[in-house]
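Need the complex rebuilt from these two chains, each delivered in its own frame; the hints are there to steer you.
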Amino acid sequence: MASGGCALIRFALRRLLQAVPILVGIVTLIFLLLHLAPGDAATAYFNPNVSPEIIDRMRENLGLDRPIHEQYFRWLRAFFTGDFGYSFGQHRPVSAVLADALPNTLVLSGVSLVLIFVVGCAVGAVQAVRQYSKLDNVLTFTSLFVYSMPGFWLGLMLILAFSSPALPDALRLPISGVTSIGYEFMGPLGKLLDRARHLVLPSVALGIASAAGVARYMRGSMLEVIGQDYIRTARAKGLPERQVILKHALRNALVPIVSLLGLYVPLLFGGSVVIEVVFSWPGMGRALYNAILGRDYPVVMAASFFFGVLVLAANLVVDLLYAAVDPRIRRA
Amino acid sequence: MDVAQVKECGRRVPAARAATYFPGVLRSAALSLLWLVSLPLASCTGGGQDDSERPLILGYSAELQTLNPLISTDQNANDVIYHLLYTPLVVYDSTYSVRPWLAESWELGEREVVFKLREDVRWQDGEPLTAHDVKFTFDLATDPSVGSPLGAVYLADVSEAEVMDDHRIRFRFASQLSQPLESFFWPPVPRHVLEGVPPEELSRHAFGRSPVGSGPYRLVRWQAGEQLVFEANPDFAPSLGGPPRIPRVLYRIVPERTTLLAEFLRGDVDVYGTLGPTETGRVEEAPGVRLIAFPWRMFTYVGWNTRREPFERAEARRAMAMAIDRQELLTAVLGGRGSPAVGPIPPWHPYAPELAPLPYAPDSAVAILERLGWRDTDGDGFRERDGQRLKFTLLTVASSPVLSDVAQIVQAQLARVGVQVEPQLLEWQTVLSQHRARDFDAVLTNWVLDNFRVDPRPLFHGSQAATEGSANRSSYASAVADSLMDLGVTLTDETEARRVWARFTRVLQRDQPITFLFWNDELAGVRDGLEDVRMDARGELVTLPRWRWGSADGGKPR
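Line by line, the protein sequences give chains A and B. Each residue of the first sequence is one higher than the last, beginning at 1 in our numbering. Each residue of the second sequence is one higher than the last, beginning at 1 in our numbering.
The shape of chain B in the complex, shown without the other chains (with noise of 0.2 angstroms):
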């Protein structure tokens, strides 16, 4: 049928007869939906409730793995499983020291240490928390077949577990640890729920999704891809601060920023966790929210591949290093939030070295490289040697805004000095895979610390050099590094400890084996009307147990 043919048609109709009947069709139609649309909803959210009933409702974009301590790595759910489900033996207060928690003291002796238990804590189905439990954890953990993060991150250095009675445990070191409590910061899971369980079967068991915790609230419902409901233990261990104040948390997955923004500014969430820094704007100025920064455990790096030309060699390395401008990185991209970085060791720990970055020195930078040898020598504005242009590849995360405009700005503030960047953006999965197979020229990328012993060594120590799948990534090697690595990790003596940090940390400024760019801040958007909010670098919901609603309305917008 061609358009001559349908005009042709359209004539012959009797056009005011036959439209009368269309329209109504679809005046009723417009109609119901429109009723379907206005009518009120039976139960709206908050307002009108009972304060002391209202529910907290957080909002997270990632989906939560499992809620099992012992298999868990993603960084939010251990937020929950740290703070809300379970009972770690010990815990850090607002200066990041070891306070008593599970444990209610400790004897610290010649590389041991035993643990006193509280004997008022139990398993939200009644049944008492004892030693048993925590040499059941400990047994796992360290278990190969299990392939425990907690073994890894947290027991290496621990050989042995004897439990002297119900409620009293001795653990073994394997080596003198510089802070040895730190290795003790997990949550026992239940013996009498998990055991008998085939421990390579552990990280498929119902118990990940189904948790039987300690903690101050309880999993009450998991829908998955929607939210997690808590409810608060009533029976929650009064030495431990008693039940929680807010009896219903919420914990929402919108995946999507955009639509958890607007369900944040909109009232439907009352906590918007892990905000983007391009979202400050909008919660600053919108009425009813606040906005918390606050240090986090992060730090964003350039990582060089010290296998390849031109950063073989540490200097070229810090002429990099003195070419880009962290400050101007702050700014322009973290609007401010966030701090230089130096070192591994973030800025607000106790065994934090005195020691200021590496100046911002783009002629310092130009004269190392005219001293390689690396000169314009065609007038491109980019140098050359043996005929060869001083240029590599930035290989970044596409998915992370902040990480693709780090790479766009050190891009040209190294082309400034004549070297030529071209930032590469891939899937995260591709980054993480070309990076651990050292298949990069330098990456730009992030590393979080799981808590807060100093211990470097999985990303500098010369024995991780040529390992693969390491995360010694830029196979940096060097002996003095070694040494002192070794050494402050024994180190008991404080003062003596952030010696050796401090000079371990000179000695990475000097090797530049990856360029420290700074600690970012977390940020998180909070309703007006909640109170005793308090985040900080342990985790957003650290303090969540003592959070409660205000007497003034909840701030929700009209």
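Pulled out of the complex, with its shape left as it was, chain A reads as follows (with noise of 0.2 angstroms):
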């Protein structure tokens, strides 16, 4: 076992490692990306009536007016020691920027992520234990329907259902922002809820296509397990069908399933920059949106850092729950 654990931090040292030049790689294929469009934040940011000789001096101010390499490099150097810049956009340093948004991506994702594979297995697991019946049939239909829209369409049409003039007001879910006006004269509890209630919307919009792919996946291992001998034996030495079902086959089922979460996750950010755009979610996806339209370069940078960052740590945890759950790929 201690060999075990000692190969497993070696395991995850080498992907940190790995890790590094794949970051570097990112920000630099972006930095170029950024630059080679047209246009840059002081064009974006300057009313036309301005003179181009002010708007020249502004670009000297941003340090826009330099070689690419050499910006590159003064933003590199800068970024390692922790110097994210100022926001050409905001007019406020990028920590700032990043510090209001990334909570709200992270809790957004988490919440999807976690409504991903809850409601992907659960669907999944009764398809393959009602395999062929009716429900199986209407699960199936609903999971490939939904797997296959788009989900700023899905938002857009959650959010036309849920402002209807005849739904009740209790059922009237909040369709923008993370917190109802008048949020700071709630209590602890009525603040909770008002941020899932948020939360609702957005989260089924960005994940359920996801899920409705996990719920295939999930019927496919399942139904895989469920003929194993190993349950037949279970079965056989007079288990009842709850613990069987829920201890013997899930258990077994769910391990293919982990590594789809190194998929998702990139899917989820990804999906956000248009999901928190459509539901007014102040994340990182819409800072993204928003900087790359304004040419805010350091903005851009450090949102394509992070999300890349969380993208590599998902993977990365993916790999070491694979070689805990599978001894298998432990010990090879």
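A couple of the hints might just be wrong.
[Unchecked claim] Covered stretches of chain A (in silico footprint by chain B; criterion: 3 or more residues with CB under 8 angstroms from a CB of chain B, positions within the stretch not fixed):
no. : stretch
1   : 13-21
2   : 32-42
3   : 53-65
4   : 97-107
5   : 158-168
The set of hints was computed from the structure by calculation and includes no laboratory data. Idealized CB from N, CA, C, for every residue including glycine.
Here is the structure:
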């Protein structure tokens, strides 16, 4: 066991070291792409009536007049010493922009991730257990339908549905923002519930397609497990069906599902760019979107970097989890 | 695992037994979700509150950048800066004439003006607002290292400021100005807060996000990407009307318009600012809300690249202009909410010339094109000359539904006279950068006037024609137009100035460096029950401090 633990740590360290060149590659590529796009922050944020000399002066103030490699190395040096620079568009430090936006994105993606796996696994497992029943067919149809819907469209439909005047007041979920007006006057429980209500629609819009994907995988995985000899053995030794399904079948069926986590985390962050705009969610995705339109390089760079870190971290966690749940991988 | 195997596995499961557990789990999950969803809001908006305390909720789709007047360039932020947070020296009345504001009076002399400031105006931190603050702001605005748009837009012709005493300040003009007082439609910033900040650091200073103003409202909280919370300034100068009527204003940011419209219609937002022309129908039909359309400072135009064939010749540009039916554009795209444009002076401006736009005359356009040698020789419906087809690319902004609709209609209208137009819809920054670099045939875009001063020189003066990055992106140069503009901006006599601007507009009409299409009306949705709302070309929020909730229920739809 001790040697297994050691191997796991060595494995983790190796993966961490591999992440460094990947991250540097990501930021370099984004830096180049951004600078290839026409326009810059000095033109994006300036009144066209302002004379070209003043715009040039601003460009100088922002360091945008220097050659691109110089800008790149200046940025890289500052970035790795913890100075993320100033946002041209928001006129405040990028660290402040991130401090506001990152937690919101993490909460939204976290809730969506839980939703994806809990709903996906539950639906998939139910379908497997009731294979070829009417319920199975309905759920198959529904999940394929949901899987093929674009998130932004689903988001807009949810918004229209939940702002219908026909709905009773209590069912009219918030369609924008993280908190209600008057949030600061609520009690602690009220605040929590208010935030939870605001999370419902965006997290559903962000996660439902992936949940449908997980359900499909889970159904297949569960069916395979249920057909195994050890399940028959469990039944044969007289275990209650509940225990057979929940303990023996479900646990084993979940192993391949863990690897999906690594696939869905990047999808979540990509999706958050659109969903955060649709639901006015003040997170990183929206900050990134606005920053790209405004050529706000420091924000784009920092946001992409953090998205990169989060995706790599999620993949690392998946690999570690996989190694943890499957002894064969650990030994290999 | 292939499909056959799955089927095989499935048959071995005693389905009835196994199935009893999961639906139970699902059912309880669904029930708890429903419970969460249906919990009544701990604190509802609006309903049941005393109307005198009811907050006003504004909804906008664009984020604000900064509330520092020295560096702000965005229209929505300027609306807040000029009308809610600060007190400009002078303001405009509803006829767009200058009237006193922070300055209670002035003496206009030969190339100078002395302002007498009100003595009861204070900064929101309690310090008095004095002439020193005004001078401090002037110095920063004209310092090139700040790069302030105030300096560029208002103060280009003001050479010097001199404090005479705490409440009197003298400004000297570099040249004689037609509308000298228009140079002072800007608010001072507090010297005691910003003194010592290096000028090039100003745009990064925290002041832009936590400003100390002097206006009827103060900013209490700025939740980035969500909302700005303003509260009435209880100490707002009595001589300027005292504290505003609505105690709390929430400026909400909802980037997606569909979401914003839904929020407005369901009663979570009271004013939907900068509403789009495609959304008017739903607002007009909905109960409890109304649509306000008002003239705005923005015109839509087609700019021709006068350095490229066939637009090098004024005749060719004029032919294009006469083949475009402005009235059709206005009706089809804006639902008639706007007015045809003749020149760069808006029709509601005191200096607006009484001139009809160039007529829609496709026959005359055809005649000009024929005379220039463009004929349809191969019968394909498009004209050619020396084997070259008469075609050009019309560059425009993809994200603007109005502009992309206009581009398509213009394409159809010009096809009727045998001109092939290829609309090219690109992202805004890309359009701007190609336009600035003069890398275009023709461009369809908007221009917004910063204020009510008539000064079209940046757009049309020959001295700007070759300047890289200047606003004269059609590279128009005409000695007659130049001398008329140079004269017009110095004329103090209103009748004479109007005559010169009319002549200038006629020159533009003849030369067509750009073809003016229309002045867009601005639109806003307003909840019933909100009274004394008046919006005009000064801004949507110009009268906000006098708005109030009427006694009727605010029309919150059920």
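Evaluated hints:
| no. | hint | verdict |
| --- | --- | --- |
| 1 | 13-21 | violated (count 0) |
| 2 | 32-42 | holds (count 3) |
| 3 | 53-65 | holds (count 7) |
| 4 | 97-107 | holds (count 3) |
| 5 | 158-168 | holds (count 4) |
Going down the numbered hints, you'll see the structure goes against just number 1.
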